[in-house]
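Here our numbering = 1-based position in the sequence shown + 4.
There could be a bad hint or two in this list.
[Said to hold, decoys possible] With a cut-off of at most 20 Å between alpha-carbon atoms, the simulated EDC-like pairs for lysine to aspartate or glutamate come out as follows:
| hint | residue 1 | residue 2 |
| --- | --- | --- |
| 1 | Lys202 | Glu176 |
| 2 | Lys120 | Asp73 |
| 3 | Lys13 | Glu44 |
| 4 | Lys202 | Glu174 |
| 5 | Lys211 | Glu176 |
| 6 | Lys13 | Asp38 |
| 7 | Lys57 | Glu40 |
| 8 | Lys211 | Glu174 |
| 9 | Lys120 | Asp104 |
| 10 | Lys120 | Glu36 |
| 11 | Lys120 | Glu23 |
| 12 | Lys13 | Glu36 |
| 13 | Lys120 | Glu44 |
| 14 | Lys57 | Glu44 |
| 15 | Lys120 | Glu22 |
| 16 | Lys202 | Asp216 |
| 17 | Lys120 | Asp21 |
| 18 | Lys57 | Glu36 |
| 19 | Lys13 | Glu40 |
[Claimed, not checked] Computed spacing ranges between beta-carbons, pair by pair:
| hint | residue 1 | residue 2 | range |
| --- | --- | --- | --- |
| 20 | Asp216 | Thr125 | 45 to 53 Å |
| 21 | Pro124 | Thr200 | 34 to 42 Å |
| 22 | Ala138 | Glu22 | 25 to 33 Å |
| 23 | Thr200 | Ala35 | 14 to 22 Å |
| 24 | Leu24 | Ala199 | 44 to 52 Å |
| 25 | Asp216 | Lys13 | 20 to 28 Å |
| 26 | Arg207 | Asp38 | 33 to 41 Å |
| 27 | Ala199 | Val58 | 41 to 49 Å |
| 28 | Ala129 | Arg172 | 31 to 39 Å |
| 29 | Leu119 | Val71 | 17 to 25 Å |
| 30 | Phe100 | Ala34 | 21 to 29 Å |
For the record, the hints were derived by calculation from the structure and aren't laboratory data.
Backbone N, C-alpha and C define an ideal beta-carbon position, used for all residues, glycine too.
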Amino acid sequence: MNGPDGHGKLRVVLIDDEELVRAGLALLLAAETDIEIVGEANNGRSGLEIVAKVQPDVVVMDIRMPVMDGVEATKELMSNDSAGLGKIPVLILSTFSDDDAVHAALRAGASGFLLKNSAPTILAAAIRALANGAGWLDPNVTKGLLDQFSSSSQVLAPTSTEFGGLTRREIEVLTAMANGMTNTQIAAALFLSEATVKTHVHRILMKLGVADRSQAVSAAFRHGLVRPGSK
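Make the full structure from the sequences, and use the hints.
Structure, rendered in structure tokens:
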């Protein structure tokens, strides 16, 4: 598998304050013929400097670090549009699967969230998914979000004019997407056909002016359409 430009390997920057963790991740990914580590850093601030220099395809970043943590670094990376850095997807790594960490990472603009104890093949698959414009949520994290969604009866009103053009049903679908649900799960939860859900998703992407589901979900978290523990 080649990089997004169709040439060479997927170029990845690793950002984690624990040297042994970075070494372990690099060793695991070295076994993947289509992935290359092009930079490493031990905190978010130095990581951003490396990302600016090497322009990788994907950033793999720890969530808890000194100087600048993964959430703040992701937020700054996503806001740095002048250098074109906002297009680089971020995969957040964490030892913990707590909802606050997941929501904070997604609100900051991360495209994926993965637990550090995941299998090596899962890490590589997540990197490939992000490089191809998709999102990735650890299955254990997704279950927690689904449980939260199923216990919530209220759909929050849009807090930004960015969502003003969405219908109530489209807001419900976007909320479900932001909680990690697939089209099949959304159809079951909202008593719709999968074809209807696909139509809603397409209209949501068009109205928000985004390219894929992960960008739509990031917008939902950034603007408070989805909040932890909403009832």
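Each hint tested on the structure:
1. Lys202 - Glu176: The hint holds at about 13 Å.
2. Lys120 - Asp73: Judged against 20 Å, a Cα distance of about 16 Å means the pair holds.
3. Lys13 - Glu44: 17 Å, holds
4. Lys202 - Glu174: With Cα atoms ~11 Å apart, Lys202 and Glu174 stay inside 20 Å; holds.
5. Lys211 - Glu176: Judged against 20 Å, a Cα distance of about 15 Å means the pair holds.
6. Lys13 - Asp38: With a Cα-Cα distance of about 5 Å, the restraint between Lys13 and Asp38 holds, given a limit of 20 Å.
7. Lys57 - Glu40: Status holds; Cα separation ~16 Å.
8. Lys211 - Glu174: Since the Cα atoms of Lys211 and Glu174 sit roughly 10 Å apart, the hinted pair holds (cutoff 20 Å).
9. Lys120 - Asp104: Since the Cα atoms of Lys120 and Asp104 sit roughly 17 Å apart, the hinted pair holds (cutoff 20 Å).
10. Lys120 - Glu36: 18 Å, holds
11. Lys120 - Glu23: The hint holds at about 14 Å.
12. Lys13 - Glu36: 10 Å, holds
13. Lys120 - Glu44: OK: Lys120 and Glu44 at ~17 Å, within 20 Å.
14. Lys57 - Glu44: 12 Å, holds
15. Lys120 - Glu22: 12 Å, holds
16. Lys202 - Asp216: 12 Å, holds
17. Lys120 - Asp21: 13 Å, holds
18. Lys57 - Glu36: 24 Å, violated
19. Lys13 - Glu40: 6 Å, holds
20. Asp216 - Thr125: 45 to 53 Å: For Thr125 against Asp216, whose Cβ atoms are near 23 Å apart, the range 45 to 53 Å is violated.
21. Pro124 - Thr200: 34 to 42 Å: 38 Å, holds
22. Ala138 - Glu22: 25 to 33 Å: Given about 28 Å between the Cβ atoms, the range holds.
23. Thr200 - Ala35: 14 to 22 Å: Because 43 Å falls outside the window, the suggested range is violated.
24. Leu24 - Ala199: 44 to 52 Å: 49 Å, holds
25. Asp216 - Lys13: 20 to 28 Å: Holds - the Cβ-Cβ distance for Asp216 and Lys13, about 22 Å, lies within 20 to 28 Å.
26. Arg207 - Asp38: 33 to 41 Å: At roughly 34 Å between Cβ atoms, Asp38 and Arg207 fall inside 33 to 41 Å, so the hint holds.
27. Ala199 - Val58: 41 to 49 Å: 43 Å, holds
28. Ala129 - Arg172: 31 to 39 Å: 35 Å, holds
29. Leu119 - Val71: 17 to 25 Å: 23 Å, holds
30. Phe100 - Ala34: 21 to 29 Å: At roughly 27 Å between Cβ atoms, Ala34 and Phe100 fall inside 21 to 29 Å, so the hint holds.
The structure fails to meet hints 18, 20 and 23 from the earlier list, while all remaining hints are met.
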